[in-house]
Each structure stands twice: as C-alpha cells, then as structure tokens.
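Number of protein chains: 2
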Amino acid sequence: MTKPPPVDFGAGLNCPIPLTDYPSVLLAHGGGGRLTQQLIQKMFVSQFANEILEPLHDGAVFALDGANLAFSTDSYVVDPVFFPGGDIGALAVNGTVNDLAMCGARPVHLSAGFIIEEGLPMNDLWRIVVSMHNAAQEAGVRIVTGDTKVVEKGKGDRIFINTSGIGTILPGIKIHPRNARPGDKILVNGPIAVHGIAIMSVREGLGFDSAIESDTAPLNGIVATLLAAGEKVHVLRDPTRGGVASSLNEIAESSHVGILLTEESIPLTEEVRGACELLGLDPLYVANEGKFLAFVSPEGADDILARMREHPLGRNAAVIGEVTAGHPGTVLMKSRIGGTRVVDMLSGEQLPRIC
Amino acid sequence: MTKPPPVDFGAGLNCPIPLTDYPSVLLAHGGGGRLTQQLIQKMFVSQFANEILEPLHDGAVFALDGANLAFSTDSYVVDPVFFPGGDIGALAVNGTVNDLAMCGARPVHLSAGFIIEEGLPMNDLWRIVVSMHNAAQEAGVRIVTGDTKVVEKGKGDRIFINTSGIGTILPGIKIHPRNARPGDKILVNGPIAVHGIAIMSVREGLGFDSAIESDTAPLNGIVATLLAAGEKVHVLRDPTRGGVASSLNEIAESSHVGILLTEESIPLTEEVRGACELLGLDPLYVANEGKFLAFVSPEGADDILARMREHPLGRNAAVIGEVTAGHPGTVLMKSRIGGTRVVDMLSGEQLPRIC
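So the sequence lines, in the order shown, correspond to chains D and S.
Reading the first sequence from the start, the letters are residues 41 to 395 in my numbering.
Reading the second sequence from the start, the letters are residues 41 to 395 in my numbering.
Because the hints were derived from the structure by calculation, they are not lab data.
Honestly, I wouldn't trust all of these hints.
Treat identical chains as interchangeable: a pair holds within one or across any two.
Said to hold, decoys possible - EDC-like mimics (lysine to aspartate or glutamate), calculated; alpha carbons at most 16 Å apart, straight line:
1. Lys82 x Asp164
2. Lys214 x Glu271
3. Lys193 x Glu157
4. Lys82 x Glu158
Nothing here was measured: the structure is a model prediction, and the numbers come from that model.
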C-alpha cells in the first residue's frame, strides 16, 4: 500500500469534557450559551489551537499572500425552513455576510454546502436557491463554490446549509472582541429579539394578530457606513444564538471589562414584548439576525448613532449601555424600576435550531 | 420596522428541474453522477451564475486584494463515522485540502462546521476532533474558524462536518478542467477504488481476511512536487464520489476532448478487485480519497511519473490513458481482451454517503 505511516490518532488523550457529567452531546451544546462555550473552548480550541482561531471572533482574520482577509463559516439548521420574513437560504447568506461584517470586513465571496434529506420537495429546494441568489445580490456578494450531499430519509431534516465566506479588511480597521474599553458606549441598530420570536411563533403555532417577521438582513452596508468613522468603532457583534445577553457576556470576558445596560433604552417592539411574555422568554436571550452591537468611543457615539439612523437598517438605533472598569467579565442591567441585576450568559438551551 | 423593501423572492420563476420527473430530491442527486450534475447545472449554476463558479472546478479560483486564492467547500456525511483507515474528521480535513490542491493551490486555512445529532457520545466527538487536528498537522494547514450546531435526536445522523478551505496559488500555475489537450497523458498516483470499498465492506459487514483501509490522505504534498514541473501539468482532479469514471467524463466534457483508457494499466489491488466482484461494483465508479488524476503534456509525462513515484503517496503511480482529439466528451476504455467500450458517467446512485 502507498499510505504513509499512520499518525497518532490520540489514543490515550482523554476527552476534556467530563464524561460523567456529559456522556453525550446535548441540544444545549448548540444553544450558544455556556455549554456551547465550554465545548468550543475545551474541545475545539484545545485541539485546533492557533493564534487566528483563539480570539473566537465571528470569523478568522489574517494576512495571506499580501491580502488582509476575514474568513467565517456557519451551518444553518433552522426549523422551520420557511418562516415569516425569510427562509433558511436567505438566513444562510445573510448570516455569513454578517459574521464577516462583524470582523470589520467587506464580504466578497461565499461558498454554499447543502445537506439535503432525501424526499425534500424539489420546488422547496428551488425556492431556497432563488432566495440565496436574491440575498447574495442584495448583500453584493457572490456564491463561487458549492457542494451537495443527500442523506437518506430520516437521517437529516429537510435541508441544512453551510455557508462560508471570505472578505477583505481595509487597512486601519481594527475591530476585535478584546477592544472594548471603559467608557465605550454600546449601540444597537434596532429592536431586538425579532428573529427568535418569528421562528417560535410559527413553531408554537401562535396566532398573533400580525405575523412577526424575522429581521434577517445583510448588515455589511450599514457597517460600512460606521467603519468610515474608523478608530471610533472598537467591537462589532451580531447577537444571534443566545441573544444580546450572551454576546455581551462574551465581549465582557474577552475585553476584561464590565458592562452596564439600561433596560428602558433597549429597543423592543410591543409585539415582540407581548410574545416574549406569552412564551416566557427574556428578549435579551432571543436570537437576532439583522441586528448588531457596536462598542464605540464615548466621543464618537453621537456621530455613530446618527450614521446608523440614516441607514434603513438603523432607523431605530439606540445607545443601550456602556462599558465600565468595575465588575470585569460581568454584565449588569439597571431595570426600569431602578434596581440592578446580573445579566448572565444563557446556561441551558432556550430555543433550539433558531438559525 | 426597519426592514428594507422586500426583494423579489422568485415568485413566478419556475423550477428548472422537471417536477413531473423529479418531484423530490433523490439519493442519486447526491451521488456524484449525472443527476448530481443536472442539479448543479440547472439549479445552482443558473441561479448563482458568475464566472468564478461556472468552471465547476474542485474549488473557486480568483484574485482578491492582490492575492491569488483558491476557495473550496465540502460537507461530509460519511456512514459509518469511523471506518478502517480513517474517520469523518480525517476525511473532512483531507477532502478539502485535496480539493484545494486540485486547483493548483497550496492549502493554508480551513474552517470546520459541525452539525451534531443530539446524543452523539461525547467521546466520539473528541476522537473526531483529535483526528481532525492530526490530519491538519499532517497536511500543514490550520483550522482557523468554526461553528457548532446540534439538532434533535432523529433529525441528523451522529455528525455531519463541513470544511471550507483557502489556499494560495503561485504565479504561473494554470490548472483547469478545461485545459486537457489531445496527446496529454493521464496519470493516477496509485490503486483506485480503495476508499469506497473500505466503507462498503464495513457497511455490508463483509469479513474480508484483511480489512481494506481507506486511502484518505492529504495530496497537497505530492501535488506540490508535480507543480514544480510547471506548465506540463494541465488538469488535476481527485476522483471522489462517482469515481475515476465520473471525473474523467467531467473533464472530457469541460475540455471538449476524448479520453482513451487502457484497462490493464489501471492500478487495482487484488483485495479491492475481489471485493468489487463480490459486491457487484465497477471499480471505475468507486470513490477514492487519496488518489488524483493528472493530465500532463506527453513530453512531460515520464518526468511527472518519476516525481510521483518518489513520493510515498505515489509509489504505484501509473499512466492509465491519454487524451484524444476524436470522440470529444466521451471516455472509452480498451479492455484486457482487446475490445473498446464506453465508460459513461454514473447515472444513478451507486454508493450513498461514501464521503
């Protein structure tokens, strides 16, 4: 045989997740909260360790052959595949476009990998592909390579889509989850928790008077207007799985800073507030697909807020909190009634297969 | 709401696959043969149309920010997850490394996207992750970004892995499925059909005397030694799904040339030949994961063959055929007993979930 000598496939290397606590993978390991973070840190980061992976940005940022690039991947398993305001195809394009934008990159090229369950109606696949085309056009990116696999009926769930993306980063742009500084203002481009509630309302068969539509949208355009402000933007993050609360906890940890939110300043539509109450969900933990958090220097905050509000995807942008030197690693929130509470990272599984 | 006006999501656009013939997606649409090709051409290429996607190389090749890059994606759904000679983790790393190498690129960075079925033993995940680490080290690439999703029990099949990869292409390298020219010699780096038979033998519970091990291996090293020969290499292709026959048919079509194989020159081990007979499989259609086809100019063939045979992954390399000006788009094979037959593209599904 022509095989090289076998490499050591890790016999004797013990699993870093305690098997007595977690003998098998739980849904919560994919929920975007604490268990997801543990799995990523203990298993993936420990094995794949390198300085590009380690910051756990929304994507990898590196120089290659003289180019400054961002590279990101996401698999989409949203259930249902079609939902008010979008579908898995639009989500797959926008999600990876947004991950690249959160690295401060201009998204350029995407890949598309399909895992299709045997029996998916051909016309459903076609609708999804057309939706991907439209989303790519809207975002100004191209799908340049792909792959299609089909698995037997009962071994998948209609369709899963992976998109990976490549973008370029302009010189001087330094967006990084470690860059939050005390005094920074935290902005969001509009009402939160919309995507998660749109999905849940369909899944639970809730008959709201008016359907709540997912906020899925490409954020690269609005982010480009902010990046023209250069050094004033320190951190960008799209709070998808795990919601605003999980994203802020990750940034507080990465940057070793505290975060103080003001509850009454957080934009929330009446419909979403009502649905959250009905479903017993805290909107801070509900996924967004067309929202982002921007950490900006205090002196730049007014300018950035004005730039956001000029863009169709930022008309209801708001300053929702600030970065503090105190309580590093912890997110606190001043409530409407004056108290202050800890906003922890999601520990279990709130909403499986939201994206 | 802050959403931009909705784009046209393709109402009125008719599905380009005839729904009366194919109302839903079949396993064969993922088999790598004619139905896969139809799906890709009619659905994906028609919607995603752009000059980078269109050549349907093993990856996309483009210049970006001054860099010459290759970008490729593949989702791995192999069943079983662990098999003689490898596992889904090694396969996922090697497969994308190889797709980049087939573009003439030096693979540099990979992404890893996991779709895990709830209940996967945690230690199985760990073994797969360690295996990916080892494969990445052997190939000299780094896993720089990732994503983890978990789906409910019964909605997936243990684990699916997408890897996407980025590589750089040296100036002067022009490898392309359109570049085969009459007179080119066709080389393969060793015995074919090994991976597919390794998988099938486990799946069918065949108790061969000695287990046939998958040939999964990173081909970037051996390809780099060939590329040092520069212009003499015209086309590279790793014959995975659909095997050597499907790859050669694709190249014959892309380059508008004929291909003539010599059956007796095609390397095949006795074990694999025996297993193919037992299983009723034609080795030309069985998947490989550590083999590649090289189309090289006739005057360079001896040199390239010698380079291949110096490498551990090419000791049993052979010239298996040549490119002809006659019968463009068709692959013919001279049999051992002197006849000539058409080697068509796989039309149905031979081996589902082989990679």
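Intra/inter-copy verdict for Lys82 and Asp164 if alpha-carbon distance must be at most 16 Å: This pair counts as between: shortest inter-copy Cα distance 15 Å, intra-copy 38 Å.
Check Lys193 against Glu157 for me: Cα-Cα at most 16 Å, and say if that holds within a copy, between copies, both or neither. Both: 6 Å inside a copy, 15 Å across copies.
When Cα atoms must be at most 16 Å apart, do Lys214 and Glu271 count as within-copy, between-copy, both, or neither? within (7 Å within a copy, 41 Å between copies)
Between copies, within a copy, both or neither: which fits Lys82 and Glu158 at Cα up to 16 Å? neither (35 Å within a copy, 19 Å between copies)
Violated hints amount to a single one, hint 4; each of the other numbered hints is respected by the structure.
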